[in-house]
Amino acid sequence: MMRALTRPLRLALLLALVPVFAPAQEATPQPGQEPAEQIVAGLSRDNIGITTSFDGSQILIYGAIKREAPEPANDGLAVIVTLEGPLGPVTIRRKSREFGIWVNTAALGVASAPSYYAVATSGPLKDILDPKVDVQQRISIPLAMRAFSGPVQVKDTRPFTEAMVRIRERQGLYTLETGGVRLVENTLFRADFELPANLTEGDYKTRIFLLRKGKLVDQYQSAIDVRKVGLERWLYALAHEHAAIYGLLSLALAVIAGWAAAAVFRFVR
Amino acid sequence: MQIYLPIAEVSVNMYTLLGLGGIVGLLSGLFGVGGGFLITPLLFFIGIPPAVAVATGANQVVASSVSAVLAQLKRKAVDIPMGLVLLVGGILGSAGGIWVFNLLTKLGQIDLAVQLCYVVFLGSIGLLMLQEAVRTMRRQKKGAGARRKRNQHTWVHNLPFKFKFRASGLYISVIPPLIVGVFVGILAAIMGVGGGFIMVPAMIYLLNMPTKVVIGTSLFQILFVSAFTTFMHAITNQTVDVMLALLLIVGGVVGAQIGSRLGARLKAEQLRILLALLVILVAVKLGTDLIIRPHDLYSLAVGSH
Numbered sequence: 001m002m003r004a005l006t007r008p009l010r011l012a013l014l015l016a017l018v019p020v021f022a023p024a025q026e027a028t029p030q031p032g033q034e035p036a037e038q039i040v041a042g043l044s045r046d047n048i049g050i051t052t053s054f055d056g057s058q059i060l061i062y063g064a065i066k067r068e069a070p071e072p073a074n075d076g077l078a079v080i081v082t083l084e085g086p087l088g089p090v091t092i093r094r095k096s097r098e099f100g101i102w103v104n105t106a107a108l109g110v111a112s113a114p115s116y117y118a119v120a121t122s123g124p125l126k127d128i129l130d131p132k133v134d135v136q137q138r139i140s141i142p143l144a145m146r147a148f149s150g151p152v153q154v155k156d157t158r159p160f161t162e163a164m165v166r167i168r169e170r171q172g173l174y175t176l177e178t179g180g181v182r183l184v185e186n187t188l189f190r191a192d193f194e195l196p197a198n199l200t201e202g203d204y205k206t207r208i209f210l211l212r213k214g215k216l217v218d219q220y221q222s223a224i225d226v227r228k229v230g231l232e233r234w235l236y237a238l239a240h241e242h243a244a245i246y247g248l249l250s251l252a253l254a255v256i257a258g259w260a261a262a263a264v265f266r267f268v269r
Numbered sequence: 001m002q003i004y005l006p007i008a009e010v011s012v013n014m015y016t017l018l019g020l021g022g023i024v025g026l027l028s029g030l031f032g033v034g035g036g037f038l039i040t041p042l043l044f045f046i047g048i049p050p051a052v053a054v055a056t057g058a059n060q061v062v063a064s065s066v067s068a069v070l071a072q073l074k075r076k077a078v079d080i081p082m083g084l085v086l087l088v089g090g091i092l093g094s095a096g097g098i099w100v101f102n103l104l105t106k107l108g109q110i111d112l113a114v115q116l117c118y119v120v121f122l123g124s125i126g127l128l129m130l131q132e133a134v135r136t137m138r139r140q141k142k143g144a145g146a147r148r149k150r151n152q153h154t155w156v157h158n159l160p161f162k163f164k165f166r167a168s169g170l171y172i173s174v175i176p177p178l179i180v181g182v183f184v185g186i187l188a189a190i191m192g193v194g195g196g197f198i199m200v201p202a203m204i205y206l207l208n209m210p211t212k213v214v215i216g217t218s219l220f221q222i223l224f225v226s227a228f229t230t231f232m233h234a235i236t237n238q239t240v241d242v243m244l245a246l247l248l249i250v251g252g253v254v255g256a257q258i259g260s261r262l263g264a265r266l267k268a269e270q271l272r273i274l275l276a277l278l279v280i281l282v283a284v285k286l287g288t289d290l291i292i293r294p295h296d297l298y299s300l301a302v303g304s305h
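Heads up: the protein sequence lines correspond to chains E and C, in order. Using the working numbering, you'd call the opening residue of the first sequence number 1 and step up by one each time. Using the working numbering, you'd call the opening residue of the second sequence number 1 and step up by one each time.
Don't take every hint at face value.
Simulated crosslink set (DMTMM-like; lysine to aspartate or glutamate; CA at most 25 Å straight-line) [as the list claims (entries may be wrong)]:
{"no.": "1", "chain 1": "E", "residue 1": "95", "chain 2": "C", "residue 2": "111"}
{"no.": "2", "chain 1": "C", "residue 1": "106", "chain 2": "E", "residue 2": "98"}
{"no.": "3", "chain 1": "E", "residue 1": "215", "chain 2": "E", "residue 2": "225"}
{"no.": "4", "chain 1": "E", "residue 1": "126", "chain 2": "E", "residue 2": "162"}
{"no.": "5", "chain 1": "C", "residue 1": "106", "chain 2": "E", "residue 2": "156"}
{"no.": "6", "chain 1": "C", "residue 1": "106", "chain 2": "E", "residue 2": "162"}
To be clear about the criterion: a stretch of chain E counts as covered by chain C if any three or more of its residues have a C-beta under 8 Å from a C-beta of chain C, and this derived list gives those stretches [claimed, not checked]:
{"no.": "7", "segment": "44-53"}
{"no.": "8", "segment": "96-108"}
{"no.": "9", "segment": "162-168"}
Just so you know, these hints were derived from the structure itself, not from any lab. Every residue gets a Cβ at the ideal spot worked out from N, C-alpha and C, and that includes glycine.
Kindly produce the complete structure, drawing on both the sequences and the hints.
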């Protein structure tokens with residue numbers, strides 16, 4: 001974990017960040033007794049406004065591990081942070097060659113998959129996460145998509161789901177950042193996320209998992225509200241709630257612009 | 001400068017959009033085509049979702065044809081009664097075309113249908129135009145003035161509901177122009193184009209209209225059909241992105257004015273050869289995309305099938 005910065009300086013930086021931002025939100029209640037180690041965390045911002053000049057955004061998720069007693073055993077501690085966009089149905093299609101041209105011939109519907117999903121970890125997933133915990137909590141990228149929708153008409157669904165992950169990774173919508181969580185002194189951690197420009201509106205769920213030897217010790221959940229604001233909000237709402245007015249507005253704008261250009265050119269000549 | 005489009009939900013470079021609009025506007029003014037057959041594929045290419053590209057392309061065609069129609073009206077190059085007959089057909093066709101578009105989108109075959117339409121129609125019309133234009137140019141070089149005869153008496157002239165189209169100097173039934181209008185309307189809605197590239201040759205070769213009123217009349221019809229298409233897409237699919245349209249329009253109206261000035265200086269035959277080559281180019285590009293194995297056999301569509 002030690003790279004360019006010296007340890008005291010890194011600590012100081014991380015600590016300096018904490019009081020500046022919004023107070024940490026409540027951790028998800030755990031069944032049974034309180035865990036020996038708990039996550040205390042915060043987000044650099046809890047809402048993102050999509051304005052006309054929106055070109056992606058950065059978000060910092062940071063926190064500390066609170067302990068009542070000294071650290072139990074100094075091994076196998078890991079932190080995973082996930083950021084998940086709103087869920088929606090997706091259709092995955094496959095082309096094959098028919099009569100010499102490439103045609104969509106097979107399709108698989110996914111009932112709900114996140115429009116964005118980023119996973120940042122403090123180490124390689126296979127070393128720090130028990131597969132059982134992964135399935136339970138749906139942490140790794142392939143597990144982010146939920147059930148299939150409608151009857152499954154393809155023999156093997158795996159190439160389809162793999163293709164979906166592959167395509168979304170290529171678009172920068174699904175990312176796995178191994179080492180993206182920086183863990184200092186087994187106490188402080190931070191993860192930086194780079195959100196792309198083609199964001200979908202909605203609640204972005206952030207989850208932080210504290211693991212020891214692959215087992216879940218504590219988890220924390222919070223949300224970031226991503227909304228269009230200002231002109232973007234107004235136009236989007238108008239297009240959906242008053243479609244006829246919006247349609248006429250677009251036409252009026254087109255006609256006026258066309259006519260005005262002709263008038264200007266006539267005047268110039 | 002990046003700008004976030006509220007309906008398309010993507011962030012794109014503003015100058016790319018202005019430039020794109022400008023090029024398409026230039027062609028629109030030059031050839032009397034709406035330019036939709038270029039703008040829709042170009043919008044796909046820069047990452048605008050297809051449904052938004054088709055609907056917004058139609059809105060941009062409205063603006064570029066308004067300024068061009070005004071210029072043509074001043075030159076008295078619009079046969080308004082003929083335009084109205086084509087328009088009635090166009091609106092009927094467009095309504096049907098939007099229905100087919102939505103059905104094909106659901107089936108996941110819209111991209112294929114659009115590409116096939118482009119290849120078949122653009123390809124064959126481009127070749128026909130090129131052949132015709134080259135032949136006329138050769139004839140003119142030889143000095144023989146024997147042009148294609150107009151007012152030939154064919155079966156078309158035996159159809160009922162005849163009407164005198166004064167500006168075109170035609171006395172024909174309204175049925176052929178109506179059918180041309182319907183056909184163009186269907187293609188307009190499916191391909192996200194104005195349909196000028198198919199209407200202009202249909203008017204010249206099928207309806208025997210004189211070249212001087214063809215461009216103005218076709219633009220007149222395109223203006224109203226694309227306005228209707230825009231409105232229908234806005235109320236049924238909410239896919240018209242007004243921000244995207246505005247940027248394309250600003251570039252487009254300027255381009256259209258320059259294009260129509262430039263067009264007045266070039267010879268009709270030269271114009272036709274240029275348009276034919278452009279049309280063939282687009283058809284060949286899309287055709288090879290269908291034949292070559294795609295980079296990824298899989299594709300994603302948001303929504304359930």
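Evaluation of the provided hints:
no.: 1; hint: E/95 with C/111; result: 12 Å, holds
no.: 2; hint: C/106 with E/98; result: 20 Å, holds
no.: 3; hint: E/215 with E/225; result: 30 Å, violated
no.: 4; hint: E/126 with E/162; result: 18 Å, holds
no.: 5; hint: C/106 with E/156; result: 23 Å, holds
no.: 6; hint: C/106 with E/162; result: 23 Å, holds
no.: 7; hint: 44-53; result: holds (count 4)
no.: 8; hint: 96-108; result: holds (count 8)
no.: 9; hint: 162-168; result: holds (count 5)
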